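*Asks:* Now for the letters of each chain:
Number of protein chains: 2
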Amino acid sequence: MASLQGSNIACETRPLVLIHQWSSSNLNFNDWLQARFRLLEPNHPAFPFLSKSCRALVCVGAAPLTSENLRQYPSLELVVGTSTGLDHIDIALCHRSGVKVTNVGNAFSEDVADYAVGLYMDVLRRISAADRFSRTGMWPVMGSYALGSKLGGKRVGIVGLGNIGLLIAKRLEACGCIIKYTSRKKKPDIPHLFYANVSDLAADSDALIVCCALTKETRHLINKDVMTSLGKNGVIINIGRGALINEKELVDFLVRGEIGGAGLDVYEDEPSVPEELFGSDNVVLSPHRAICTPESMAALQNVVIGNLEAFFANKPLLSEIKFE
Amino acid sequence: MASLQGSNIACETRPLVLIHQWSSSNLNFNDWLQARFRLLEPNHPAFPFLSKSCRALVCVGAAPLTSENLRQYPSLELVVGTSTGLDHIDIALCHRSGVKVTNVGNAFSEDVADYAVGLYMDVLRRISAADRFSRTGMWPVMGSYALGSKLGGKRVGIVGLGNIGLLIAKRLEACGCIIKYTSRKKKPDIPHLFYANVSDLAADSDALIVCCALTKETRHLINKDVMTSLGKNGVIINIGRGALINEKELVDFLVRGEIGGAGLDVYEDEPSVPEELFGSDNVVLSPHRAICTPESMAALQNVVIGNLEAFFANKPLLSEIKFE
Chain U
1 MASLQGSNIA CETRPLVLIH QWSSSNLNFN DWLQARFRLL EPNHPAFPFL
51 SKSCRALVCV GAAPLTSENL RQYPSLELVV GTSTGLDHID IALCHRSGVK
101 VTNVGNAFSE DVADYAVGLY MDVLRRISAA DRFSRTGMWP VMGSYALGSK
151 LGGKRVGIVG LGNIGLLIAK RLEACGCIIK YTSRKKKPDI PHLFYANVSD
201 LAADSDALIV CCALTKETRH LINKDVMTSL GKNGVIINIG RGALINEKEL
251 VDFLVRGEIG GAGLDVYEDE PSVPEELFGS DNVVLSPHRA ICTPESMAAL
301 QNVVIGNLEA FFANKPLLSE IKFE
Chain R
1 MASLQGSNIA CETRPLVLIH QWSSSNLNFN DWLQARFRLL EPNHPAFPFL
51 SKSCRALVCV GAAPLTSENL RQYPSLELVV GTSTGLDHID IALCHRSGVK
101 VTNVGNAFSE DVADYAVGLY MDVLRRISAA DRFSRTGMWP VMGSYALGSK
151 LGGKRVGIVG LGNIGLLIAK RLEACGCIIK YTSRKKKPDI PHLFYANVSD
201 LAADSDALIV CCALTKETRH LINKDVMTSL GKNGVIINIG RGALINEKEL
251 VDFLVRGEIG GAGLDVYEDE PSVPEELFGS DNVVLSPHRA ICTPESMAAL
301 QNVVIGNLEA FFANKPLLSE IKFE
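Those sequence lines, one after another, are chains U and R. 1 is the number of the first residue of the first sequence in our numbering; add one for each residue after it. 1 is the number of the first residue of the second sequence in our numbering; add one for each residue after it.
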């Protein structure tokens, strides 16, 4: 591994950065970080003593960073997350320990918003399903494929109106959708109708787009009661985290036709996708890739390097998250 | 058939309307037209003499209405088309004969614009392809699916900036795309950059979205020269008519990787879809269904009935096309 090359890791002048990741991760962070930083991974021979003095850590992808992990690094001052949501990091402990935490800020927001809209269009207009229909040669046989449903006029309930939610709203407004939302609190200066309760939002919406952070409070926020409120023509799009939805109940509702359809980029037990849905034409099943563009990957590099460089230069961090 | 029920077709007071369609059409126009009009189809026993006095004709779907057909109806004053493009109707002869022609106006425009954007998102972000990847259980095996490409910042060349083209532009601007266009002539009061030549537009674009009318002049407008100008990362979306593109050359360019991808709703020889593309992940193959929503079907009924009622009441037609 490039980060282990040479024996002078303790002597170099580049700042030392802990890399915390699954061994199977293929995000190749080392390739672009090592030009600027000395990288210390748990399998490095010098790890046991160098890690004690490390001030900054990069948490790659969704590798869990637990209280047990954090207690191994007594000098830690900064955790650099590489995603928008940081539910895999023990943020409460970081807060109590005075460790600052950064996420990717808005680096992924546009791509995720586009993908949410793409999934919703796909479910409503049945694009993936119609593509399957064409590829299997069914058009000349069947004559036509089932109708979809028009985007314009749909009442779309956005669950979590942060930066991504606002970008989704902007896109769907251009298509004539009516935007409503729920969030921890009503946003000032936002014209869209606010609902304090997600079930009330669902009852007044044709679709829910789930893009809030996963916390103890939002885990299984979308459950059978919310889906019952949404109703049998309702569509659910999830580009947040799998556990925001009770997946077993979602699958039951889809299989029984008790909601209209779903576009899912995230799942409770990734990379497992519920096999019960593999034959369904009213779902689009995406393998957690709403951020997967070269442009987002470049933006990720910029914000991770920017946060680390700012930290070591005692400058303001680019995307520090606020503890609440 | 409901329109043939009873023997009093010549005696009723409802206005008489010729129905011109393929026998295999499943658009069920009769069901909703016969409440207001007497419908006369070619297989009706009274057709030979009643057709001579018919003043209005509904041309269902893409059934060709040729000069030979038109000459059978000497009293014809109105042809009601049921699509946006009327390339299947001999409009020049209608013009010379003083027969007015209506299309569906803007009844389908929003749905077609949404579908164009949906196809473009799908090709760029590889949504259908990633859905196939998930459904075949490849995610746990392969770890991840290939990157797509970001929508924001893409230079999108719209070929034909009519009502549909403008709605596409509005949607893609909300996603951060840069809109350019070609059209018969530069549009006043349009901020987007105009190109007189489609090859020049292609050379300055990351994607072409083809949504112009099919005429003698636009047949095979998108050919190998245009595709060469567009380049190997370029994407083509076609929601206009299949023959706007030289399909054989398009397939060659896609198979050889000389353009980046395509989202096709229309084909030169429908319902045939080029089988060479069935295995390609950089294309989305849709069976001519950009208008296929219940909302568009309802809007179609309204505009067809509205045009017929206006005609028989000597009022202005809702969506008369202008001869140029």
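Each hint should be verified, as a subset may be incorrect.
Keeping only pairs whose Cα atoms sit at most 27 angstroms apart, straight-line, the calculated DSSO-like set for lysine-lysine is [unchecked claim]:
| hint | chain 1 | residue 1 | chain 2 | residue 2 |
| --- | --- | --- | --- | --- |
| 1 | U | Lys-322 | U | Lys-185 |
| 2 | U | Lys-154 | R | Lys-170 |
| 3 | U | Lys-186 | U | Lys-170 |
| 4 | U | Lys-170 | R | Lys-185 |
| 5 | U | Lys-170 | R | Lys-154 |
These are computed hints drawn from the structure, not numbers from a lab. Just so we're clear, the structure is a prediction, and the values are computed from it rather than from any experiment.
*Asks:* So, for every hint listed, does it hold in this structure?
*Replies:* Here is how each hint holds up against the structure:
1. Annotation: proposed proximity of U/Lys-322 to U/Lys-185 holds, straight-line Cα distance about 16 angstroms (limit 27 angstroms).
2. As the CA atoms of U/Lys-154 and R/Lys-170 are separated by approximately 18 angstroms, the hinted pair is consistent with the 27 angstroms bound.
3. For the given pair, U/Lys-186 sits about 18 angstroms from U/Lys-170 by alpha-carbon distance, which is consistent with the 27 angstroms threshold.
4. Under the criterion of a C-alpha separation no larger than 27 angstroms, the hint pairing U/Lys-170 with R/Lys-185 is inconsistent with the structure, at around 31 angstroms.
5. Distance restraint check for U/Lys-170 and R/Lys-154: the Cα-Cα separation of roughly 18 angstroms lies within the 27 angstroms cut-off, and the hinted pair is therefore satisfied.
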